[in-house]
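Protein chains: 2
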Amino acid sequence: MVTLKQLAKELNVSISTVSKALNNSEEIGEETVRRVKELAELYNYKPNKVALSLKQNKTKTIGVIIPDILNHFLAKVLFGIEREAAKYGYNIITCISNESLDKEKESMQFLANGSVDGFILSLAEETQMKNEVEHFKKTMAQGLPIVMFDRVAHDVMCDKVIVDDFEAIYNATKNLQAKKRKNIAFISSIDGLSVGKLRERGYNKAILEQQAAKPLVLKIKKKDDNQKKIYGFLKKNPGIDAVVAADSSSGVIAINAAINLGLKVPKDISVIGFSSKADSNLTFPRLTTIRQHAKEIGANAAQLLINRLQSKVLEEDVKTIIVKTSIVKCKSTV
Amino acid sequence: MVTLKQLAKELNVSISTVSKALNNSEEIGEETVRRVKELAELYNYKPNKVALSLKQNKTKTIGVIIPDILNHFLAKVLFGIEREAAKYGYNIITCISNESLDKEKESMQFLANGSVDGFILSLAEETQMKNEVEHFKKTMAQGLPIVMFDRVAHDVMCDKVIVDDFEAIYNATKNLQAKKRKNIAFISSIDGLSVGKLRERGYNKAILEQQAAKPLVLKIKKKDDNQKKIYGFLKKNPGIDAVVAADSSSGVIAINAAINLGLKVPKDISVIGFSSKADSNLTFPRLTTIRQHAKEIGANAAQLLINRLQSKVLEEDVKTIIVKTSIVKCKSTV
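Just so you know, the protein sequences line up as chains U and E, in that order.
Read in order, the letters of the first sequence are residues 1 to 334 in full-length UniProt numbering.
Read in order, the letters of the second sequence are residues 1 to 334 in full-length UniProt numbering.
For reference, chain U alone in the conformation it holds in the complex (with noise of 0.2 Å):
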C-alpha cells in the first residue's frame, strides 16, 4: 500500500502538499493537484481510514457488546443490528463479554478509546447478578451514547429496546386456559437472567388468577442434563396436560420427552416455546412457539442509535421500544 510519503517523495514535493492535493485545497496549484491525483490514481492510494477517523473524529462505527455469541436469539439481534446500520453507512463492531462483568468493562473501555462513536448491548449475566451499572454511566458521561436491548439495565436513564417477556408468557398461559388445559407447567433453564425472571411471573400471574390452580415450576441449572429433567418432570408429574416453555430448547425437548412418556402431543399434552422457526420444524408435531422478532429489535436499537449519533433527538429524550412478541400457533397445541 502507498503512503503519502512515498508520493511525496516521488513528485520531490511535501507531504503536507500532496495532502493538501487530494483535498483539492485552493493553496495548491492546478498542475500540482493534477500530477498528485495521477501518481495517487497510478498507486491505487487509499487515505488511511484511522488517520481519517482521527481527523473527523468520527468512526463511523457501532460497538455491540452481547453475551453469548453462542445464544441463537442474539445471534439475529446482531444479524439485525448489522443489516440496519449497513444503510446508513454504520459498520459494527462486535464484543463477546462471555457473561462476565469484567470482560464487558474491557470490551467496553477497549472500544470507548477512540474505536467506535456509541453503543449497543445486552448485559452480562453477572453484570445482572451484580446490578453494577458504574462502567455504563462513565461512558455515556464521555459523550458515547448506550442503547441497551434485551438485557436492560432499569437503573440506567438509556434508550431501550425490549420483549414483552411478562405479556407473553401470561397470554400463552391464559390460551392453554381457555382450552381447558388444568395442569400447566412452567420449565425454564434461564432463571438466572432478568427475561427469564420475568417470564416466570407472567405464568404465575395467569395460573394464580385461576382457582384451585397452583404453580408447577421446573428450573433447569447450566450444569443440569436438561434432557433427563424434563423427561423426569414430566414423568412424575403425569397430570401435565400442558407446558409452557421459557426458552428455545425446553420446548422442543419437552414434546419428545412427552411421545417418549407414550403421551399424544397435543391431544394429552400441548407445548408452547420460546423459540425461532427452524425449532418449531425440528419436532413432530411442529412446535407452537412465541416469536421474539430478534432482527426487528436488532434494527431498531441500530435506529435509536443512530438517531442520537445523528443529534435528531434530545439528550434527555430517552426512549424504551417494547417489540411485542407473537404466537405462531402450530400443531404442537389445540
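Don't read these hints as lab results, they were simulated from the structure.
Warning: the hint list may mix true and false statements.
Copies of the same chain are indistinguishable here, so a pair counts whether it falls within one copy or spans any two.
With a straight-line cut-off of 27 Å between C-alpha atoms, the simulated DSSO-like cross-links for lysine-lysine are [unchecked claim]: (1) K229 / K264; (2) K331 / K174; (3) K319 / K137; (4) K137 / K5; (5) K277 / K221; (6) K5 / K138; (7) K9 / K46; (8) K46 / K138; (9) K236 / K277.
We have chain U already, so just place chain E on it with the hints.
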C-alpha cells in the same frame, strides 16, 4: 474525556510537549514531565486509541469475516477465535458477509484500510460458487495476512484450518455398514457449499465400495420445508435402515420423522448427524453426532494468524491444519 490539547492549555505548554512528556521523552525537562503526568492523572487522561494505533501502525485487532452469524458452528468458531486472540491481547472486529460476495469484498476493503492487522475468514457461498479470489490476493499483497477456515479457497496461498469433512462422513457410513446396515441414505441441506460436496463424496465413496449398494441421497434447498421433505423421503423409501445427515438440523428431524412413521430408533433405523452436543440432546434417543470441535478450529486459526503477525513464521511457510472430527456415539445408532 480530557484531550492533549486541554492539558496543554491548562499547563500553558505546547501539545507536542505534553505528548513527549507523557512518553518520557528526554527532550523535556524533569519538572515539566512531572507536572504533565500529575495533571494527566488528575483528569484520568487516556491516550486516544486511534491516534496510538496510527503512530504504531499496529491495531492489535483481527478482522473476522463470517458468512452467517445464525449458523451455530460459525458462531462457535468465532467464540474460539475471540478467546484465543484475547490471550495475546488481540481484539477482534467481526463483519458478516451474509453469504454475499459483494458484502465480503466491502467488509474486507473497509477493514483493510487501517482498522486491522490481518484477517480470519470463511468464504461466502457466492464467493465459492463464482470462485472469485482476487480480493483475497489483493489484501495479502497489501501486507495483511489472511487465515481461512472451513470454507476455504484452494487457489489462495495462505494458512488454512479445515475439517476432515470427507473422512468424517466416509467413516460414519463405514461404521453403519459394519453394523450390517444395507440401505444407508444421505441427507444434506448444504449442497451448495464446498464442505457439503466433500461430505457427499465421503458418503458416495463408502457406498460404492460395497457391492450391490447404490447411493440414496436427499438434497434440501433453502426454500424447501425441510421437515416435509425428510418425512416424505423416509416414507417413500421404507427400506432405509440408516441415515447420515450432513448438517445440524437434518439428523434431528430424521429421528423425529422416523418415530412419527412408527419406526424404532435405532432398531429399525440408525441416524448419525453432523452437529453439536446441544442438538444431540433434543431427541429421544439422543442423536449420535459427528462433532467438529468448532472452538478448536477458531483457536487454531487465531494462533496461525498471530504467529504470522508476530513474524514467527517465514512468509512462504504456509500451513494447513486439519482439525479432526470425532463421532460421539449416542443411542440413535446400535
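Homomeric proximity label, K137 with K5: Cα distance no greater than 27 Å
between (42 Å within a copy, 25 Å between copies)
With 27 Å as the alpha-carbon cut-off, assign the pair K236 and K277 to within, between, both or neither.
This pair counts as between: shortest inter-copy Cα distance 26 Å, intra-copy 30 Å.
Alpha-carbon proximity context of K229 and K264, limit 27 Å:
Both: 20 Å inside a chain and 23 Å across chains, each within 27 Å.
Treating 27 Å as the Cα threshold, decide for K331 and K174: within, between, both or neither.
within (18 Å within a copy, 38 Å between copies)
27 Å Cα threshold - placement of K138 relative to K5:
Close across copies (21 Å), not inside one copy (39 Å); limit 27 Å.
Classify it for me, K277 with K221: is the Cα-Cα distance of at most 27 Å met within a copy, between copies, both or neither?
The answer is both: 25 Å in one copy and 16 Å across copies each meet 27 Å.
Is the C-alpha distance from K46 to K138 at most 27 Å within one copy, between copies, in both cases, or in neither?
Only across copies: K46 and K138 sit 13 Å apart there, 36 Å inside one copy, limit 27 Å.
Should K319 paired with K137 be assigned to within, between, both, or neither, using CA atoms and 27 Å as the limit?
Intra 17 Å, inter 46 Å, cutoff 27 Å: intra-copy only.
Which holds for K9 with K46 at a C-alpha limit of 27 Å: within a copy, between copies, both or neither?
within (17 Å within a copy, 34 Å between copies)
Of the numbered hints given earlier, the model fails none.
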